[in-house]
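*Asks:* The whole structure should be built from the sequences, with the hints applied where relevant.
Number of protein chains: 4
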Amino acid sequence: MKKITDKILTKVIRQRPADSFKGTYGKVALVGGSQNFGGAIIMASLAAVYSGAGLVTTVSDSTNQTSLHDWLPEAMFVDNNQFEMAEPILSAATVIVIGPGLGTDEKARTLLERTFALAKPGQVLVIDGSALTLLANSKLTLPSGPLNVLTPHQMEWQRVSGIKIADQTPEANLAVANQLNAIAVIKSHRTQVCLNNQVYENTGGTPAQATGGMGDTLAGMIGGFTAQFADKPAAVLAAVYAHSAIADQLAKKQYVVLPHQISESLPEFMHAHQAN
Amino acid sequence: MKKITDKILTKVIRQRPADSFKGTYGKVALVGGSQNFGGAIIMASLAAVYSGAGLVTTVSDSTNQTSLHDWLPEAMFVDNNQFEMAEPILSAATVIVIGPGLGTDEKARTLLERTFALAKPGQVLVIDGSALTLLANSKLTLPSGPLNVLTPHQMEWQRVSGIKIADQTPEANLAVANQLNAIAVIKSHRTQVCLNNQVYENTGGTPAQATGGMGDTLAGMIGGFTAQFADKPAAVLAAVYAHSAIADQLAKKQYVVLPHQISESLPEFMHAHQAN
Amino acid sequence: MKKITDKILTKVIRQRPADSFKGTYGKVALVGGSQNFGGAIIMASLAAVYSGAGLVTTVSDSTNQTSLHDWLPEAMFVDNNQFEMAEPILSAATVIVIGPGLGTDEKARTLLERTFALAKPGQVLVIDGSALTLLANSKLTLPSGPLNVLTPHQMEWQRVSGIKIADQTPEANLAVANQLNAIAVIKSHRTQVCLNNQVYENTGGTPAQATGGMGDTLAGMIGGFTAQFADKPAAVLAAVYAHSAIADQLAKKQYVVLPHQISESLPEFMHAHQAN
Amino acid sequence: MKKITDKILTKVIRQRPADSFKGTYGKVALVGGSQNFGGAIIMASLAAVYSGAGLVTTVSDSTNQTSLHDWLPEAMFVDNNQFEMAEPILSAATVIVIGPGLGTDEKARTLLERTFALAKPGQVLVIDGSALTLLANSKLTLPSGPLNVLTPHQMEWQRVSGIKIADQTPEANLAVANQLNAIAVIKSHRTQVCLNNQVYENTGGTPAQATGGMGDTLAGMIGGFTAQFADKPAAVLAAVYAHSAIADQLAKKQYVVLPHQISESLPEFMHAHQAN
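So the protein sequences, as listed, match chains L, D, V and A.
The numbers in the UniProt record's numbering rise by one with no breaks, and the one at position 271 of the first sequence is 271.
The numbers in the UniProt record's numbering rise by one with no breaks, and the one at position 66 of the second sequence is 66.
The numbers in the UniProt record's numbering rise by one with no breaks, and the one at position 35 of the third sequence is 35.
The numbers in the UniProt record's numbering rise by one with no breaks, and the one at position 110 of the fourth sequence is 110.
If you're looking for bench data, these hints aren't it; they were derived computationally from the structure.
Take a look, some chain D residues computed to stay more than 12 Å from chain L by CB distance:
1) T5
2) Q35
3) S144
4) L147
5) I165
6) Q168
7) E171
8) Q198
9) G204
10) A234
11) K252
The calculated lysine-lysine pairs, modelled on DSBU-like cross-linking and capped at a C-alpha distance of 30 Å, are:
12) V:K232 x V:K11
13) A:K232 x V:K252
14) A:K22 x V:K7
15) L:K22 x A:K253
Below, a sample of chain A positions facing chain V; criterion: calculated Cβ distance under 10 Å:
16) G52
17) A53
18) L68
19) H69
20) L266
21) A272
As the structure is a computational prediction, the values presented were derived from the model and not from experiment.
Where a beta carbon is used, it is the ideal one built from N, C-alpha and C, also for glycine.
*Replies:* Here it is as structure tokens:
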């Protein structure tokens with residue numbers, strides 16, 4: 001396995017060109033957040049905005065409108081009961097992130113299906129959290145157009161890939177990722193990423209991160225990074241590394257690292273680790 | 001009486017094992033927060049998350065969903081009018097905290113009864129605030145399955161134990177705690193904890209803490225500590241001590257210490273006081 | 001006129017006795033905040049909590065419940081459409097603050113009347129903002145039981161006292177305050193306080209404070225101070241001075257001082273200026 | 001073209017006179033924020049308050065009431081479905097800002113028409129965001145009474161002026177601005193301002209600002225500056241410069257600058273750059 005180290009950061013995080021505008025940094029649309037799991041989509045949206053995406057829209061349950069804006073007036077909101085309003089936004093997005101706090105009920109499944117139907121070539125589609133469970137439990141297949149990025153933890157990967165956790169070797173994981181024609185970010189103590197017929201192992205990460213919402217934050221970061229940076233697979237690796245490196249930094253002083261703290265640390269971290 | 005000192009911290013707060021995940025740190029479910037007392041369950045939930053619980057779910061009045069997520073996107077939410085959705089979460093919890101801001105009306109009583117009916121061996125059940133008043137005023141008996149932890153202030157203890165405040169000697173308190181087969185955390189200037197047939201007296205605490213919400217925060221911390229640490233009675237003592245020690249620190253510069261500040265100080269405090 | 005200087009702080013802000021509890025520091029109930037002016041009652045409530053009141057309850061329009069708890073989980077909430085739930089709380093309060101953002105419509109008038117009817121000897125009643133306008137425009141008379149503290153700016157004082165701003169001399173102001181048997185805090189560049197047949201002039205204050213919400217914050221501070229400190233008239237003077245002294249401190253670095261920043265500065269300021 | 005440099009700051013930002021009150025610093029009314037774009041009006045309102053406007057009222061969709069107060073208890077709120085309540089406030093305003101997050105539907109158009117109908121001589125009317133798109137797409141003409149300030153980005157300016165982005169030379173822009181009898185703030189990498197028959201080019205600005213909400217923040221700052229400072233055209237230039245200068249400062253340490261951070265930096269920035 002290749003190692004993911006801090007070198008990926010300066011490779012990916014370019015200095016911003018002086019003559020640029022928000023359109024230069026992409027549009028991220030995030031779909032998730034039921035009445036029960038609204039915090040998840042807030043955390044993912046925070047990560048997308050604080051990593052520098054140009055424009056972020058969050059499609060969620062109406063009960064999450066206020067708490068989204070309390071954290072993030074920078075994001076736009078669409079009620080997922082008015083999904084027809086979200087459709088043109090998803091179509092125009094550089095990256096779609098679906099899953100954080102989406103839930104697994106009938107409504108969630110419909111949102112997933114409609115999103116899969118919209119996703120198209122040139123777009124990145126990040127599939128996280130309950131969207132992975134839905135994918136595993138349904139007869140849905142991944143859309144063939146976009147660059148699909150799956151971000152399961154080991155149990156979700158078992159559901160999606162059929163490989164039991166004990167059998168999740170790099171080779172076995174890569175075989176399924178290749179078959180799915182997707183990038184697979186398999187989260188654990190040392191996260192592995194299957195892409196371009198390679199398996200990469202992350203070298204950062206701390207048990208202080210072992211708390212709810214970490215995965216939502218990573219999904220949002222992958223959204224923010226792939227929206228901005230031209231080399232999409234490298235951007236996934238950089239997001240994975242940055243997420244754990246920030247946690248490692250915070251864990252020098254904290255017993256537990258809160259997911260929203262990682263997002264709030266992104267602007268300074270990315271400044272310190274951009275290309276010269 | 002034994003004294004609770006800073007030694008309990010390094011005894012309880014272990015270094016986190018590298019290869020761990022959020023499941024390692026337990027699931028806390030908190031039940032409380034009426035329309036009038038929503039802040040109480042928010043403060044308790046903050047304490048549970050910031051002390052490092054792996055997963056936290058808050059079961060509360062629907063009007064508290066947004067303010068919970070404004071403080072804490074890391075927590076999940078269940079409307080207590082849909083208690084059937086909370087039941088599997090309570091059943092799967094490592095720790096249930098019931099009481100902060102619960103109120104004492106008929107609905108509150110029903111929530112308490114249904115929670116008591118679910119709590120089972122292997123779980124910790126923290127009973128705080130209005131749940132103690134309900135317990136005292138009703139014919140409810142404590143569930144026999146879980147490790148019950150009662151966190152009354154002196155007047156609530158009078159209601160539960162029948163011992164008048166003036167007569168709350170360590171011996172009298174211990175006798176009732178033993179009879180209830182519960183850990184009793186009797187909050188006052190110098191909080192006393194009855195457990196394992198011993199009475200422990202806390203050595204920390206400041207009058208700067210004398211403000212609404214301190215007890216809710218302690219209940220949430222007991223939830224977070226017992227969810228993570230194997231020795232449950234010791235975890236209760238560590239939470240009691242940490243709560244007062246953080247307040248003592250903040251009171252060096254503050255005339256009054258706000259409860260939410262204690263929670264927000266937990267990650268650094270616990271880092272500084274973990275086992276070597 | 002006597003001057004209000006920093007001496008009032010150490011005279012009033014006592015060191016907290018070790019063996020005290022939240023009941024020692026009083027109960028403040030605040031009534032205000034219509035759908036349009038919810039921020040005002042939030043700012044007043046913040047000031048009451050951050051100045052150290054033991055227990056704070058906010059009685060406001062239901063649409064302000066969430067934003068109150070977003071700022072202040074430490075406060076309890078009562079919907080002012082269920083004023084019967086507020087009545088026992090107002091009756092048990094050490095201090096009632098009425099007016100911040102109350103509005104001047106029929107509902108506001110009814111809330112004022114019902115509050116006046118409840119206020120009784122031993123209590124402090126702080127009357128601020130739109131409650132002063134209502135008082136001036138209606139045939140209401142101040143309740144005879146409580147210690148009434150009026151906190152008008154100059155135009156509101158004109159409405160209440162009938163004295164035009166140009167004619168608001170210390171003597172004229174004192175005559176009306178005596179006649180009303182109330183403490184009058186007449187806010188301006190140099191706030192004057194009529195009490196105990198004396199006029200006191202504040203020596204602090206900065207034009208950086210000239211922004212909406214400053215008065216609401218002062219009303220809440222008067223609530224918090226009179227709830228805790230035995231000498232109620234001196235507590236009013238101390239609140240007036242502290243409010244301006246904190247603003248003066250912040251204005252050394254800020255062009256404008258936001259009201260909520262004054263409240264958030266209270267714990268450190270009061271710690272630094274308590275009695276030795 | 002003239003350059004806008006830091007000299008404009010000390011020219012415009014006066015030391016506040018000691019004997020002043022909130023009325024001295026003007027009233028700003030902001031109209032915007034649909035259910036989808038509530039964050040935009042929050043960011044604009046933040047900028048108006050933090051730049052020192054005396055009184056700020058936000059007229060928006062009812063679903064934005066809570067999130068506005070979560071950020072800004074200092075602002076008052078009017079539901080835009082009760083626009084008759086907003087009308088006296090708009091009439092009494094020193095400055096009206098319309099457009100941030102307003103949307104372009106029929107309701108938005110009606111709000112724009114009613115605001116145009118109210119705006120009158122002596123007032124500043126800042127027209128931003130979707131209000132510019134509505135203006136371009138409708139047969140509305142700018143009101144003749146107020147000082148109109150348009151704040152388009154280049155595409156919005158194309159819609160309003162009919163000049164394609166490639167053809168937006170200073171001369172062409174000025175000709176249309178003169179014809180509209182408006183100040184035009186044309187936002188880009190180097191923002192240009194057409195006023196008093198001159199074109200001014202801003203010398204600050206960073207690609208770290210290229211994120212959603214920057215324009216809303218600038219519109220609110222123009223509102224806050226023109227409300228306080230006597231020379232309205234100079235105040236527009238000072239707001240434009242300050243907005244970019246704060247971003248430049250923050251970008252020394254941040255890869256991306258969040259719009260709300262600019263507003264929160266205003267009190268210290270303006271203190272440091274006021275007239276001696």
